[in-house]
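> One letter stands for each residue in the lines below.
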Amino acid sequence: MSMIDRSPSEYAAAARAWLAEHAPLHGAPRKASGGTGEPPIDEQCAFQAALADAGFAGISWPVEFGGQGLSQEHQNAFAEVVAEFDLPTTALTIGLGMCAPTLLACGSQSQQRDHVANVIAGREVWCQLFSEPGAGSDVASLVTAAEQIDGGSWRITGQKIWSSYAHYAHFGLLLARTDPEQPKHQGLSMFVVDMHDPAITVRRIRMASGESHFNEVFFDGVELPASALIGEVNGGWAVARITLASERVTIGTSRRPGRNPIGSESLLQLACRNGRLSPEVLRSLAELHLLETSVSALGTMLSDQQREGADLGARGAVAKLAAARLAAGGGRTAATVLGETVLGYDDPESAEVIHALLEAPSRSIGGGTNEMLRNIIAERVLGLPKDPGIERSIPFRELRVNSNGIQGGNQ
Amino acid sequence: MIATTDEQRAFSQVLRRFLEQHTRIDDALQLNDAGELWYDPALWARLAGELGLSGLAVVEELGGQGAGLSELCVAAYELGARLVPSPFLPTTIASLALGATEDPQARRWLEQLAGGQATAAFVQAGPALRAVEGSVAGEVMLDGTVEVTVGGGAEVALVVVELPGGSRPGYALCPVETQGLTWSPLQALDLTRGAARLRLSGVSVPVAPLDLPSRDRVRRAARLVLAAERAGAHEQVVQMAAAHGRSRVAFGQPIGAFQAVKHTIADRYADWEISVAALRDAVAAHEAGRGDAAIAAVSATLLSLRSYRSAASDNIQIHGGMGVTWEFPAHLYYRHSLATAAWLGTEAEAINELGALIQDAGVPARTATGEVVLRGEEEQSCKQL
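The listed protein sequences derive, respectively, from chains P and G.
Using my numbering, you'd call the opening residue of the first sequence number 44 and step up by one each time.
Using my numbering, you'd call the opening residue of the second sequence number 261 and step up by one each time.
For the record, the hints were derived by calculation from the structure and aren't laboratory data.
None of the values given here were measured: they were computed from a predicted structure.
All C-beta atoms in this analysis are idealised placements derived from N, C-alpha and C, irrespective of residue type, glycine included.
Treat each hint with caution, since some may be false.
To be verified - Listed next, the in silico SDA-like pairs over lysine to any residue satisfying Cα-Cα at most 20 angstroms (straight line): (1) P:K429 - G:V509; (2) P:K429 - G:Q513; (3) P:K429 - G:Q499; (4) P:K429 - G:A510; (5) P:K429 - G:H523; (6) P:K429 - P:V182; (7) P:K429 - G:A520; (8) P:K429 - P:W280.
Stated by the list, open to error - Rough simulated footprint, nothing fancy, chain P against chain G, three-plus residues with beta-carbon under 8 angstroms: (9) 294-304; (10) 526-536; (11) 606-617.
Sequences and hints are given; from them, build the entire structure.
Right, dumping it as structure tokens:
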């Protein structure tokens with residue numbers, strides 16, 4: 044039977060059989076490299092290639108771009124199965140979850156032909172180049188400049204930050220300012236960038252908890268051909284919204300990583316082994332369990348409602364907010380369980396807990412700060428007015444951007 | 261939001277429309293000022309007769325609707341949203357309890373409750389009530405006081421007692437006309453559900469015995485119906501606060517444009533979504549008899565209890581001076597949130613209960629070896645991990 048004839052449930056069964064043979068089960072210990080807790084990049088690409096060969100990648104994407112051309116139901120059926128496994132492809136999620144969907148929605152035929160199949164088959168790693176040191180939550184105030192030079196080419200100068208896996212990436216999705224005379228959202232354009240350009244410098248970011256997959260990326264007069272533009276000149280914000288919507292779907296539907304060292308189950312066992320299970324610790328574990336229930340029950344409800352055809356709109360922001368509360372709660376309970384042993388440690392188990400504890404604050408920041416999420420909920424779900432502000436209407440050049448007090452024109 | 265099937269959604273809409281037509285959010289104020297019964301018997305008669313609310317939890321052969329827990333939650337949610345003073349919750353919980361026994365007396369009362377001829381109070385006996393073997397077999401003799409019970413004015417009080425001579429639980433059935441039974445109405449914190457003191461002076465009444473698992477199931481269902489009522493009220497206070505944020509203008513802006521206001525409302529909205537999600541999960545766990553049903557129910561209880569209480573008090577804050585007046589209904593929700601947090605188990609009890617359940621679930625080795633470890637002896641229970 045060919046793939047195309049299979050019902051979603053048959054397809055899911057075939058996927059489960061394949062994954063059982065090739066992928067680690069959810070929660071199994073991982074083989075890590077480079078301090079980021081994930082497999083080497085060539086192994087990740089090889090796994091993705093095998094997954095694509097077996098017919099389980101690019102499921103609902105067009106056949107002409109390397110997809111399977113199957114229905115959304117097939118995609119959903121696969122998503123349920125894949126949640127039982129830990130796919131060793133985290134570095135590829137930016138390309139698969141954000142960049143390829145953006146190209147499929149807004150890219151030219153040749154951009155789609157050149158890249159989508161390669162992303163599906165693990166031949167191209169992608170990164171996203173949106174945030175800047177002076178443009179985080181307010182990403183539309185970015186100042187990296189794209190100037191048009193002879194023959195329609197572009198020259199890129201500026202600095203990006205928080206680019207996950209840019210140190211592995213072959214290509215990047217770049218949002219840059221093409222017209223500072225326009226209001227800030229209207230003078231931006233989106234480009235495809237070859238990350239191997241010698242005028243690009245990638246620098247790893249060291250996080251409070253240690254190593255990370257984040258990078259800073261410097262553009263020192265990088266030249267891009269006219270064909271690198273995605274969509275219209277000054278139409279980049281609309282393209283970025285597609286990417287960010289895909290990102291929210293990717294984050295919202297991704298499952299928790301295997302065993303969470305600051306989850307209530309792990310911490311209960313740690314407390315037991317260390318002889319620290321007191322009524323106070325049990326209460327703290329109960330509090331943590333409530334936060335875990337919040338996240339899991341909300342995930343179940345939202346996906347049930349989506350399956351029934353409800354438009355979730357901005358309600359996904361609630362799930363992200365709940366996940367941030369959970370991370371903070373996990374940190375609190377971990378500290379309670381460790382007691383004074385949090386002061387110093389020499390065992391790998393404590394190190395793992397402390398690492399997770401130090402990483403917890405970033406969950407309220409990355410992928411939308413709690414404050415931005417509350418704005419989204421208030422404005423888009425509850426219809427409350429936008430913050431008072433003038434920045435949407437006046438030319439970017441006259442805006443105060445970048446916390447050093449410089450203006451949009453003085454880049 | 262609570263409804264998960266088309267049938268439940270239709271029921272919820274019918275009920276919502278009926279309540280919008282026939283009730284006002286501040287009905288409890290009028291009833292309180294009138295100083296008579298805490299609910300409107302005429303409205304309850306219609307809710308019972310036209311919408312079948314009185315018999316929702318009673319099986320069909322006894323004249324009820326034989327509805328499941330999810331339908332009970334749908335009804336409680338809508339009544340909570342409008343803060344309708346009605347004997348629905350105490351009567352429903354009593355019906356669930358009576359339905360779990362095989363007692364013939366219980367069947368007679370269930371018919372009465374389903375038909376709307378009687379309402380019931382569900383009473384947790386405290387230490388001030390003594391229960392001893394009655395003079396007639398199958399009866400229990402009660403002597404003492406239950407300081408506060410929810411409801412009051414009910415035709416029958418279902419008193420949860422430990423049966424004499426053992427730890428088997430049972431329900432003592434105390435009809436209001438029983439010699440030696442006195443209801444004394446109290447000033448209720450929650451104006452939507454009367455409160456009373458119940459005095460039983462050497463009263464001998466029939467008792468419906470119940471096994472422990474059934475008692476736990478009833479208790480769990482009761483808490484979830486109460487959580488549904490809170491969730492409905494929670495949605496209402498968030499919508500009240502949001503509406504005020506959109507319309508009230510200060511410093512040249514609708515106040516909802518200021519993040520101190522909009523973020524508070526957004527947080528309380530997020531809490532509401534979480535409460536509803538946890539409740540749906542707990543109801544599904546209960547109906548499917550899932551192994552984690554007890555944990556899910558306590559979790560849903562705690563989440564709704566705390567988040568509704570915060571929402572009800574933040575709603576007052578956002579309304580400013582208006583929020584603390586008698587005429588404005590914000591305090592009705594605040595009162596309701598405080599009262600429901602103290603009924604069917606307190607917050608502190610629930611969090612300890614959850615801790616114990618988590619400990620049990622997280623120590624599977626204990627049941628595997630069959631060794632019983634007393635709680636509190638942490639060291640010993642931990643050795644088996």
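> Against this structure, judge whether each hint is valid.
Hint check results:
no., hint, in the structure
1, P:K429 - G:V509, "holds, 14 angstroms"
2, P:K429 - G:Q513, "holds, 10 angstroms"
3, P:K429 - G:Q499, "holds, 18 angstroms"
4, P:K429 - G:A510, "holds, 15 angstroms"
5, P:K429 - G:H523, "holds, 12 angstroms"
6, P:K429 - P:V182, "holds, 17 angstroms"
7, P:K429 - G:A520, "holds, 13 angstroms"
8, P:K429 - P:W280, "holds, 19 angstroms"
9, 294-304, "violated (count 0)"
10, 526-536, "holds (count 7)"
11, 606-617, "holds (count 5)"
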